[in-house]
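For chain B, the structure is supplied; the task is to place chain W on it using the hints.
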Amino acid sequence: MNMRDLLVRGMLAGIIASVLATAFAFTVGEPAIERAIAIEEQNAAAGMPAGHDHGVMAATATATAAEAEEASPVSRELQRTVGLVAGTLALGVAFGGVFAIVFAFARGRLGITSDRGTALTVAVLTFVAFYLVPFLKYPANPPAVGHGETIEARTAAYVGMLLASVLLMIAAVILQRWLAEVRSRWDASILAGIVFGALVVAVSLLMPGFSEVPEGFPADVLWHFRLASLGTQLTMWLGIGLAFGVLMDRAARPVAQAAQR
Amino acid sequence: MAFSPALPASETTGPAVTPLPVRDIAPWALLAASIALVLVYFVGFEEGALNLLSSNVVHEFVHDARHLAGLPCH
Chain B
1 MNMRDLLVRG
11 MLAGIIASVL
21 ATAFAFTVGE
31 PAIERAIAIE
41 EQNAAAGMPA
51 GHDHGVMAAT
61 ATATAAEAEE
71 ASPVSRELQR
81 TVGLVAGTLA
91 LGVAFGGVFA
101 IVFAFARGRL
111 GITSDRGTAL
121 TVAVLTFVAF
131 YLVPFLKYPA
141 NPPAVGHGET
151 IEARTAAYVG
161 MLLASVLLMI
171 AAVILQRWLA
181 EVRSRWDASI
191 LAGIVFGALV
201 VAVSLLMPGF
211 SEVPEGFPAD
221 VLWHFRLASL
231 GTQLTMWLGI
241 GLAFGVLMDR
251 AARPVAQAAQ
261 R
Chain W
1001 MAFSPALPAS
1011 ETTGPAVTPL
1021 PVRDIAPWAL
1031 LAASIALVLV
1041 YFVGFEEGAL
1051 NLLSSNVVHE
1061 FVHDARHLAG
1071 LPCH
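Chains as they are written, first to last, in the numbering used here: chain B, 1 to 261; chain W, 1001 to 1074.
Okay, chain B solo, but in the shape it has when bound:
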């Protein structure tokens, strides 16, 4: 088992998972995005500042719609199909590569003997560290939610939360390994999990909050969109972990069969 093979399998698993994630995003996420964009355009027509057309204050709805059409060099039709596939694929390859590295560190170090078990554990932990924790503090927002002026502050806060989450997860896993030497693996995991949760809550209370949902934005669209985001990323990370496990098993099988003969 060398690193090159692990990285190739991770990226391959990322490609497989991004197909599943795209399918979920297209069927569940796109309707919410379409509704949010329709609201964004209505707001723009009413002269409310929002979204990509920062500061567009057109006199009439038709003028605004025409300007919005010109402002974006990529049509909605392209964004919601090829763009969604390409963007999710790029993220899948990136996450798959990161996953392979985390797996390489985890293999044989977590007290889990099967590659599939290690892969699934790593998938759950990376999903929590890279997506779930930052999402709980700074949930995904559909188009029309978020002020253009605060993009830099929000990006910095999001990246800060992401880094804190990843560092705390690494610390929690080290704590779990340390506790597992004196307690059972289950007890060690529960204690490390409690410490991780408490520290995550503490950090997120210290981080700045942003409340930028426009007045009157439909709560169901926001809920639907955020759930779709959660589902897309859960599909992505779990998909990577499970596909990676299958690829590892397929690679191991010929060796095991040869050994049995």
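The hints are simulated quantities; they were obtained by calculation from the structure and are not laboratory data. It cannot be assumed that every hint is accurate.
Partial list, computed: chain B residues near chain W (C-beta under 10 Å) [what the hints assert, rightly or not]:
1. Val74
2. Arg76
3. Phe105
4. Ala140
5. Asn141
6. Thr232
Between beta-carbon pairs, the in silico distance windows are [to be verified]:
7. W:Ser1055 with B:Glu149: 20 to 26 Å
8. W:Ala1016 with B:Ala153: 45 to 51 Å
9. B:Ile15 with W:Leu1037: 15 to 21 Å
10. B:Arg109 with W:Ser1055: 23 to 29 Å
Each residue gets a CB set at the ideal place from its N, CA and C atoms; glycine is no exception.
Positioned in the frame of chain B, the structure of chain W alone reads:
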């Protein structure tokens, strides 16, 4: 179910796995991190808080994937 003896032995006990040495992982970690940074940058951060390209085509093209990835956008 999970502890059923019908499962192959490798699923439950199996031989201990030898961990890969950290110095073998490190250069590959650097490679994977670099690839991930470039890809995630262009999907998530280009034309948002940062701006390396003169056009916003990439930003708009991957618009929906970025929103669903939970990354801050406009």
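Outcome of the hint check:
1. Hint status for B:Val74 relative to chain W: holds, with the closest Cβ pair at about 4 Å, below 10 Å.
2. Of the supplied interface hints, the one on B:Arg76 holds, with its beta-carbon coming within about 9 Å of a beta-carbon of chain W, less than 10 Å.
3. Using the Cβ-Cβ criterion of 10 Å, the hint placing B:Phe105 at the interface with chain W is satisfied: the shortest such distance is roughly 6 Å.
4. Using the Cβ-Cβ criterion of 10 Å, the hint placing B:Ala140 at the interface with chain W is satisfied: the shortest such distance is roughly 4 Å.
5. For B:Asn141, the suggested interface contact is upheld, since its CB lies about 7 Å from the closest CB of chain W, less than 10 Å.
6. About 5 Å separates the beta-carbon of B:Thr232 from the nearest beta-carbon of chain W, less than 10 Å, and the hint is met.
7. W:Ser1055 and B:Glu149 have their C-beta atoms about 22 Å apart, which keeps the hinted 20 to 26 Å range intact.
8. Look at W:Ala1016 against B:Ala153: about 49 Å separates their beta carbons, and that is inside 45 to 51 Å.
9. Distance hint check for B:Ile15 and W:Leu1037: the Cβ-Cβ separation is about 19 Å, which falls inside the suggested range of 15 to 21 Å.
10. Taking 23 to 29 Å as the suggested C-beta distance range, the pair B:Arg109 and W:Ser1055 does not conform, at roughly 45 Å.
Hint check: a violation occurs at hint 10 only; the rest are consistent with the structure.
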